[in-house]
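My request is simple: use the sequences and hints to build the entire structure.
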Amino acid sequence: MASWRRLVARVLAFARPARAEHELARELAAHLALLEETFRRQGLSADAAAAAARRALGGVELVKDAQRDARSFRWLEDARRDMWRSLRALARRPAFTIVAVATLALGMGANTAIFSLIDRVILKPLSVPAPHDLFALRVVPASSQPGQDRFSSPTVDALRHALRGRDRLAAMGGLARFQTTTPTGSAQIETIQLVSGNYFDVIGVGAEAGRLLTPQDDVTVDAHPVAVVSHAFWLRRLAGDPSAVGETLTVNGSPLTIVGVVPRAFSGLWTDAPVSVWVPLAMQHGVRYLQNFSSGHAEIDRPWMAQPDIRWLDVLYRGASDTRVRDLAALDALFHGTVASSPLAGDVDRRPAGVEPHLAFKSAAAGFSSLRGEYSARLLLLMGLVAVVLLIACANLANLLLAHGVSRSREIAIRSALGATRSSLVRQWLVESLVLSILGGLAGLIVAAWTSDALAAMTVGASADLAHFVLDGRVLAFTAGLMIATTLGFGLLPALRLTRVDTDALRAGGRATAHASGTVMNAALALQVALSVVVLVAAGLFSRTLHNLSTIDLGFDATHLVSARFDHRSAGYAGDRTAQLYDRLVASITRLPGVESAAAASCGVISQCDNTAGSYTFPDYAPSSGERIAIRENRIGVDYFRVVGMPVVEGRSFTTDDSGESPKVAVVNQALARTYFGTPHAVGRHFRHDLGRGDDEYEVIGVVRDARVFDVHDAPGPMIYFPVRQMPLSPYGGGINVRAADPLLALAAIRAVVGAIDPNLPILSLTTTGEAAASALGRERLLAYLASGFAGMATVLASIGIYGVVSFGMTRRVAEIGLRMALGATSWDIARVVLSASMRWVGLGLMSGIFLAFATSRLLRALLSGMLFDVTPTDPAAFVAAILTLAAIAVIAVLVPVRRAIGIDPRRALDCD
Amino acid sequence: MTTEQRDRIELLQGTLDLIILRALATMGPQHAYGLAARLDQVGDQPLTLNQGTVYPALVRLEQKGAIKGTWRQTESKREAKYYAITRAGRRELEKQTTRWKRLAGLVEALLLAEPR
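Residue numbers (numbering that gives the first Met the number 0), protein chains in the order written: chain A, 0 to 912; chain B, 0 to 115.
To be clear, the hints were calculated from the coordinates, so they are not data collected in a lab. Accuracy of the hints is not assured; some may be wrong.
To be verified - Below are the SDA-like pairs computed for lysine to any residue, each with C-alpha atoms no more than 25 angstroms apart in a straight line: (1) Lys67/B - Ala12/A; (2) Lys63/B - Ala12/A; (3) Lys76/B - Ala24/A.
Unchecked claim - Here's a subset of chain A near chain B, in silico, CB distances under 10 angstroms, partners left out: (4) Leu23; (5) His30; (6) Leu34; (7) Gly57; (8) Leu61.
Every residue, glycine too, gets a C-beta built ideally from N, C-alpha and C.
Following this line, the structure appears as structure tokens:
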């Protein structure tokens, strides 16, 4: 009890030292007065009594220290005193402090910004209870066909049964974009997910308002017209009105009753695609959810709940580590027992031979993200790069501290002569470095907050939830760790070096320390230059990649082009009605003012939409054994080539005469003509394309230029175009390309036209092609911009570093220079003296930098090759540019100190020191 | 700080609190000077200690709640902080006295039993 009480008292005494100090001073003064009185009474003079009183007490400061020791925590008090002393010392040197803090703020801010982005995209766990107990059930090895690893409803039921009623498995469909109409009549496309009734129980969230889904909501096909909405949706679309619970929400044409609101913390498992509305799985047929599935022979339009051939569900599992192993064994036993007869059997042959497929848990603790795969490696590479920049900043600061420390070496010598121990001197230096780090880190947080949002916007688009910098405990912890690491990084070496004082130091006036420090500083400079080379080379490689990709000839005219994609299947279109819909859309859009032409296509340009089909036979092409001809195809309207500006190099394009009754025709690109016909002149040639309706023969009527139509990154491969009048659009989705004078203006008009023709037709995407091409380069832009930014920082730091070291070297040789001048040295001689040592080290830095960059890029060759375009990791131009930049910077940085050295007045120089 | 000094303080650390409590219990409220003067007279030979030594002990005891300090006037009309023992302090004194007596008895017995 008493010891607790004392602990609290000590903490309080530490927190408010002023009062206790005042009281102590008063008490000691009273004590001394009483002692003096006694001594005077014994006959001493006033002065003698005062001295005797002090002696009897034992030294006021010593007593105070002893009392402080008992009153509070000595080391804490010491740290605080060191902290204040450091702040005062830094305040006396504002220029140094500002440069140091700014350097650290940039370095640490950049690190914090990248970390927070990595944290948001890759690391951060979902804010649900025990996120590390959440897993997705996967089949390994994964099928070679993406999307084949989903489970059918009957399989999920069987899996759940295998866990014998313990409700740890939930199921969910993929994300859908559906037209959603609120009770007030406002209609917007929202992200919808179908989930099993126990989904929210397995996730572990409760309702913010109303109730969430229960297993009773997910029993009978089409009999549970209920929906749960996200907190964001509730605020945005329902005005945050609690009475919205119970109202009707129309999702893809089906009226559903809103039964509850999910808390703000949970917006689905996809961190980059927040879900707005959750609907029971049983409503799959009711809301016409007809996507994200793979099937063998299935009836897609009948409810999927009972069909073992339609694989459309992802399985989510929650279990603590002790039950996990047992549950997986039970699930896997079931999977193996039924695999031969299960619908998964068809996939087994698409997996690597000799590996038995089995089930595995994949952690869902951090949710899923489509960005993760795309950006993980790039973000980690950037983290490495930005860490190198911080290392450069540390080397720079270490040099600054050394230079300043040398000018304080007399102070250090005096303090150590007065009895300060080496450890207390080192501590004082480190505390000073720590204070700088803390100031730099705090300023860095501001830098991070500014830059992180811009970074995220560049990476994931500004609209996503994770685009916003959040100063949470994780980011703070990272920055705190960074503060300690940088303190040691730049402070330890100077602290150890500068406090190594011998007895001669006082006599030498710090010159001995200066000499020893000179070598350390030059070495740090070389390191800094070497690391800068690495960063500059990286920036060069990524900038060249971005340049190559953004100036690449796409093979069509992307300016003035708009690309739209629709999900007509979800809106209930099939067969002839689909063709009529697109005819109407094209006709109405073409009539819009400012629109030149429009054409339908199953895949628009740069839409990353890919229809690849097999079953082709070319008369002059013999496939090698095991080769399966698979060719990218597009089904297009009459005007398509004119609309997208893709030149027909031979033959003709489609006309309205190429219809159902006329002979079957196709247009191919140059790559196909070369590959499968062995000649660029393929017009008039024939090929077969078996669609299971009898062997159909097609005639090539035209050859178009090769174009990067699907993705900027992909080199154009063989492609075939069919006219929509002979080969109807895919039942799943289609697009329209529009050529307009002002594509940005056209967007709104097109949206209005689509809304007028069918308000329930989901628009999957509607962008200008220029924008689509630009956003397809988001990854490259992120790398190029950031690496260039880092390279800029490294260059600035290098110039400061070179300037600092050269002018330091000059300052400590002022007397020598003066002497040389007095002896008749020319300006050129002086320049050589000042430069010689440092330039040797800069040269050494450049050389090792080239070697380091070369070694690193060889080491990361595999990783880099996916990130570079038309540039090798050891691109000579990038290396030469890096070297030239740094050499130029070095020349500029040394001009000032060299000019100052030449201007030295020999008489005054010889006087000094 | 030399080793010799350190030994002396450590030796006194436990006892000093006890002596102060005992002095306050028997003499009533005292200021630091009064207590220090009292320490000078403990035992046959006076302890040659600085008077400042009492301060860490005083703050320790006050933080534990064993004593309480208030500012008052001395007889010579000077201000001084007078420390008085609290009820908790008396309990502590009793406990520590018993402990010390037992310990002293034990040490004495051990020293006597030690064969020469």
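Results of checking the hints against the structure:
1. The hinted pair formed by Lys67/B and Ala12/A meets the criterion: a straight-line CA distance of about 16 angstroms does not exceed 25 angstroms.
2. For the suggested pair Lys63/B and Ala12/A, the alpha carbons sit about 13 angstroms apart, so the restraint of at most 25 angstroms is met.
3. Between Lys76/B and Ala24/A, the direct Cα distance comes to roughly 19 angstroms. Compliance with the 25 angstroms bound is thereby established for this hinted pair.
4. With its C-beta approaching chain B no nearer than about 8 angstroms, Leu23/A sits inside the 10 angstroms limit, and its interface hint holds.
5. Interface hint at His30/A: satisfied, since its Cβ lies 5 angstroms from the closest Cβ of chain B, which is below the 10 angstroms cut-off.
6. Because the closest C-beta pair between Leu34/A and chain B is about 6 angstroms apart, less than 10 angstroms, the hint holds.
7. Contact between Gly57/A and chain B, as hinted, is supported at the beta carbon level, the nearest pair being about 3 angstroms apart and thus within 10 angstroms.
8. The interface hint given for Leu61/A is met, as the beta carbon of that residue sits about 7 angstroms from the closest beta carbon of chain B, less than 10 angstroms.
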